[in-house]
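Peer 1: The primary structure of each chain is shown beneath.
There are 2 protein chains.
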Amino acid sequence: MMLKTHDCGKLTKSDVGTKVTLNGWVQRRRDLGGVLFIDLRDRTGIVQIVFNPDFSGEALDIADRARSEYVLAVSGEVVQRDPETFNPNIATGEIEIRVKEIEIMSAAKTPPFPVEDGVEVDESLRLKYRYLDLRRPEMQNTLLLRSKAAKIFRDYLDDNGFIEVETPILTKSSPEGARDYLVPSRVHPEEFYALPQSPQIFKQLLMVGGIERYYQIARCFRDEDLRADRQPEFTQVDIETSFLSQDQLLDMMEELAVKLFRETVGAELSRPFQRITYADAMNKYGSDKPDLRFGLEMEDITDIVSGSDVKVFASVAGSGGVVKALNAKGCAGWSRKELDDLQPFAARYGGKGLAWVTVKEGEWRGPIVKFFKPEEISALTERLGVEEGDLLLFSADKKKVVADVLGNLRLKIGRELGLIDDSVYKFAWVVDFPLLGWDEEAKRYVAEHHPFTRPHEDDLHLFETDPGAIRAQAYDLVLNGYEVGGGSMRIYKREVQEMMFKALGFTMEEAYESFGYLLEAFEYGTPPHGGIAFGFDRLVMLLTGRTNLRETIAFPKTANATDLLCDAPAPVEPSQLQQLHIRTVPKPSAKPGQAEAPKA
Amino acid sequence: MMLKTHDCGKLTKSDVGTKVTLNGWVQRRRDLGGVLFIDLRDRTGIVQIVFNPDFSGEALDIADRARSEYVLAVSGEVVQRDPETFNPNIATGEIEIRVKEIEIMSAAKTPPFPVEDGVEVDESLRLKYRYLDLRRPEMQNTLLLRSKAAKIFRDYLDDNGFIEVETPILTKSSPEGARDYLVPSRVHPEEFYALPQSPQIFKQLLMVGGIERYYQIARCFRDEDLRADRQPEFTQVDIETSFLSQDQLLDMMEELAVKLFRETVGAELSRPFQRITYADAMNKYGSDKPDLRFGLEMEDITDIVSGSDVKVFASVAGSGGVVKALNAKGCAGWSRKELDDLQPFAARYGGKGLAWVTVKEGEWRGPIVKFFKPEEISALTERLGVEEGDLLLFSADKKKVVADVLGNLRLKIGRELGLIDDSVYKFAWVVDFPLLGWDEEAKRYVAEHHPFTRPHEDDLHLFETDPGAIRAQAYDLVLNGYEVGGGSMRIYKREVQEMMFKALGFTMEEAYESFGYLLEAFEYGTPPHGGIAFGFDRLVMLLTGRTNLRETIAFPKTANATDLLCDAPAPVEPSQLQQLHIRTVPKPSAKPGQAEAPKA
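Protein chains in written order, with my numbering: chain A, 1 to 600; chain B, 601 to 1200.
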């Protein structure tokens, strides 16, 4: 067997005269008057190899049988090309290999799509033949960057005293959170393991166990209906620390992010990252993961229009809602159609409508302008900084609806006006998330993060008076409108934990039923602790400029959780189920007379 | 909150005079005439902190409430101890902290066992309270070493051009191998994912995908009945390469092993590691994972005794079996009871008995001696190097039985005679495993490794004549009698793959039914490739001198696959099962009249 002495893509003029053996795949072949040129590809790149009757002998005849994606081994000498045949598009463009010996290592059928970047192929075909898709340089580079990013995370954490600890994949179904994947037990009939949605409980147990600084690049599982940026199994960089303040932890994580972006994409991020409270983020950007690469902040004008003749403004303002406005600078020239299209856009985010005003030739125009009083116009002009050519957009509704409508409108306008610089990485910490949210259905407070999230020390008195106003020591790291990480400091004092469960409507005894072993652990000396988890797939997606998580994963699943390559999930043998003490229940078909679902 | 400025275990005389804040757990407290001494522990070690009415003020009163495993924060000054109170047993033994301020961060109930090394506790109690168990220095050190070992693996592989790629956990049930853990699909009724027994197929697909050098520290799953050194989920360092020879790969892995042992336990291993063929290992040591820290090799004496009057020897020799002997040097003095105990020992490994001869005062003694002819005694004396004081042990049976009996006897005697130096790490490669084994039940050959294992080039002709004699390019790395790694070169040529399946009794069409997508991938240009996987848990076990895999895993499962800490597996809500389109089948009880299992 002729095994490689050199990599294809690394040969340069300095290798001229060297005898080399190369292994690789046939990218392309050209026969020019009896001389055969083959572009040979390995993971480092492409080099031109030449077969000529003058120096190749019978190697030429063998090479002549090679087709696209055959695997070849060739030996020969590196020579400089004629200057007029230099190829500036490839690193090895000034040299070629005069082949003396060849071995066809293996043959290849014609691939279902060309193995090259930029080719338009249906994604399902790419996933079915993922092993061919992975040969394309952009996929190779993505996996390379992913591997490098993992190393940067690990090196930083190792250097800062973190211990990598593996936590179980076969664990217990948790009472909160998303839907679990279950694994029937053979040894324990009618019992199940669950795959972890995150190592949350284990990492807190490790802190109780005195590990002080833990990390793991952990696989997590959620059996949810998928969107473009969700996968049933995904990877997070999971971190937990003891005896650090929130600021100390966030500083450390910033340093890590700076290193990550410097060493992968060469970006120099400035520190400290902006810190914005959840309240400010929602007020100004209508989002808890604002894209801060551009301004276009929304302004609350409820106070100005609370007595307005614009009926909807006044009535919303009078019933606890808010009225907010965006000033789309220079957009007064939008067409009627563009303005009309805003209504269905608003509806998509739950809004009942969008009012607009254009400012043209010094004049406010639009259906609602006639209802404004002069003092309202003057107050709005000042608050919104209104100038000639502006387009003002108003949403009046419940706070959350206004945030959704104007927040998404802000992004749409930002993109359309080219306000977003794609070369910029704009990080920020969103801090002071609310500890509790009111569940209208259950008529009780629920934990916004999880029941172990530590409230702000200064807000403890609010447990008695206004639990909804308590700020949590919880934070998200956002990048260009994506949440790339999030976490919290955790409760470590029994009395605070009791206040928390009381606010959630549980006694400690009831809490034990759900969180028994973690609460029990907390009784044996719990250090102040807190952590964070980074969405690794999403970070790699942003680092590689992709818009789809599947592009960052070697063997991803489709939106309906199928692996097209190995055809999973799939039926199994009845004997396998029998050993697991389970039986499948056929989905009720919709045939007449069978419409009712069986009562299980 | 008073957060640590220093680590407890790292303070030395050079810190005298420094004001420090420490956080940690109360290891021990002693009240000596109104002065309170507490040993405060964090993950770096222990330091003595002192509360004295003279300088501690009310901190003394607060400290007085602290009990074992309370978490404290203390501030004070590092002072040198009186020389007569130096404690040479701890690193900080020459200093102590005069505490001025204290905060009880959290209280602790009395732990169910003392948090210290060497304590005798029932393992199930340790597992239930694993978070307390993990506070013990030996568990902390184990997790620290495990983390360090992972880093050494990764650093070496990163430095040598390997790319870390994550492969799916939710994948497809494989037709071969051990029992799979299954995961019912909610989206695809009556279909199942399987958890991977190893990333074998994916790593080969990555080679087809042109990754060339892959690694992953991968979680693997096998639903088997457990032994002390098995876990339902375990970790392997999974490696695959393209365009390397077996020797190149093994050399690289040796370099990695040398680095690992140097940087964790400071052992200097000499290279190259011994390479021993499977045939030699079985012949000399009766094992494919021989402990090579001592000799005591077994000798084949079938030729000498084939015409012997020792009936069992002659008849075994005449019917295709073998007769082998061990010379236990200096053991002629074993008591009759010790010799009698050898019979049940042999029986445990399938042997029908063990013949023995002692050599005392120049004379051979034992029940079978009278049947030996003088020329047999003289031939045996020469082959076995018999001397005064020796004990000869004979086993006659099928080859495999003799290997098991004498192989295990060799280990037992080696241990009892103190022939094994526990401070030595003796690595060896066992190579040239057989490609195929004869399955007596199925009356056909089966793959000893897997159906993609590459046969020796020189042995290809044996497919026609003697498939059982074909040597595979398969290898195990053994250390002190444990298999710590194993792998093979893989078939990359269609015609060899066809020969292999033919030998296994399959047509290519039938093979496609089992291995469809991998075989299809092989049709699109397959590089010569091969790999290895290291048992990471077992390596950590050997590096830390443990004898139980559970000691190396933060949250292990018991022998019946239970997680005692979080009580998994466990029953789940009926609604969860309904969503997964499954129903549990109660285990048939053994009540009279219900003895028959339901037909599923």
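Hint data in this document are derived by calculation from the structure and do not stem from the laboratory. Virtual Cβ for every residue (Gly too), placed ideally from N, Cα, C. A portion of the hints provided could be inaccurate.
Straight-line alpha carbon distances no greater than 20 Å define the calculated SDA-like cross-link-like pairs of lysine to any residue that follow [unchecked claim]: (1) A:K151 / B:L744; (2) B:K728 / A:E191; (3) B:K610 / A:N160; (4) A:K426 / A:V484; (5) B:K1102 / B:V1046; (6) B:K1012 / B:K1043; (7) B:K1093 / A:M2; (8) B:K1093 / A:S68; (9) A:K400 / A:A279.
Label pairs and their in silico Cβ distance ranges [unchecked claim]: (10) B:L1019 / A:L144: 41 to 51 Å; (11) B:S1114 / A:T18: 56 to 66 Å; (12) B:K1000 / A:S575: 21 to 31 Å.
Peer 1: What hints, given by number in increasing order, does this structure fail?
Peer 2: Hints 6, 11 contradicted; others consistent.
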